[in-house]
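With these hints in hand, go ahead and build the complete structure from the sequences.
Each protein sequence line maps, in turn, to chains G and A. The opening residue of the first sequence carries number 0 in numbering that gives the first Met the number 0; numbering runs sequentially from there. The opening residue of the second sequence carries number 0 in numbering that gives the first Met the number 0; numbering runs sequentially from there.
Since no wrong hints were added, every one of them can be taken at face value.
The following label-pair restraints were derived from C-beta to C-beta distances:
id	chain 1	residue 1	chain 2	residue 2	range
1	A	Y64	G	R131	35 to 41 Å
2	A	Y64	G	T81	27 to 33 Å
3	G	R67	A	R128	34 to 40 Å
4	G	P9	A	L16	42 to 48 Å
5	A	H131	G	P58	21 to 27 Å
6	G	Q50	A	S82	22 to 28 Å
7	A	D13	G	T81	29 to 35 Å
8	G	R62	A	R92	32 to 38 Å
9	A	N6	G	C126	53 to 59 Å
10	G	P58	A	A127	21 to 27 Å
11	A	G21	G	R131	24 to 30 Å
12	G	A23	A	R92	34 to 40 Å
Derived by calculation from the structure, the hints in this document are not laboratory data. We treat Cβ as the ideally placed atom computed from N, Cα and C, and that holds for glycine.
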Amino acid sequence: MNHEPPFSTPVDESEWAAQERALADERAGAASPAGDPRARSYRLLAHVLAQPPDAQLPPDFARRMAQRVQPPARAADNRLETWLVGLLAMAGLVSAAIYGNAWLPSLDQGATGALLAKPWLWALVACLGFSRLSRHWLHHDQVR
Amino acid sequence: MDTRLPNPDRELVDAVLRGAPGAFERLVRDYQGLCWHIIYRMVRHPEDARELCQETFLRVHQCLYQYRYESALKSWIGQVAYSIALRHLQRKRIPLLEPASDEGANSPVENVGDDFDLEQAFGDAQMARRLHAAVDALPPVQRTVLTLYHLEEASIPEIAAITGMASGTIKSHLFRARLRLREMLEGRLGVAV
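In structure tokens, the structure reads:
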């Protein structure tokens, strides 16, 4: 029984058979036909048509697409978390500036305590923390 | 019949719909080649094709919950890519098929002779380049049908599902496009090869 769909317009069936045979031979890697110009033409066509185009999508296309469709809720969660950490750090810094004079000297016991009692050390930690956070924010902006 | 049998399409779609980490990236990786070949063959412009590919996968992500497993996921995604590329060409008023390309023409087989010698053609890079140019000169729909059939190795029913055309029409496009390329190859339509 023939399950092949009929053509929408009349065609030369032997020509169609030659096209299909050349495609099958090309996929099977069969030897190039000798002495049959029609078969050889279709074989060359089958070879060329199986070549992918030169232009391609960038290698990280799938990763970028996945980032683009990240659910807004998760993205908002990440942003909120980052802002809360930043807010906490700022609050700590402000507290240290206002009340530091009262409690920093109380840390001044032993070598470690003496180091912790230095206001410049806290300022250095704050600068490093801010630098790290700002790098994180910038990275987020670039990805989006 | 039990349509809930496990299959890779269903597992992947379920994973994407529940937001499993990495699932959508895997879906894109699996089908980006298919989408690229359809869209790039249709529009031929790399920048436009990249943008349309992005649009395709955004649409796939947005509408995946509507996928009912009535066809393979490959066909469903290919259909989205094809319709987006088609709309792009229609907006730019680019003809999809040559006027009367399939109807009313005498059999072009008569134009082709048997004396063409391809002895040097197989090893000739210039010949391959000219053939690629001849493929590019075909109407967008024929280019795409040829690419799906030869490069993606899609069956005629799969191509019918992607393009929405009847299987008989796909076969006629394939037949005429390949015959026309043979004519060009053998220099009977005034195209030197």
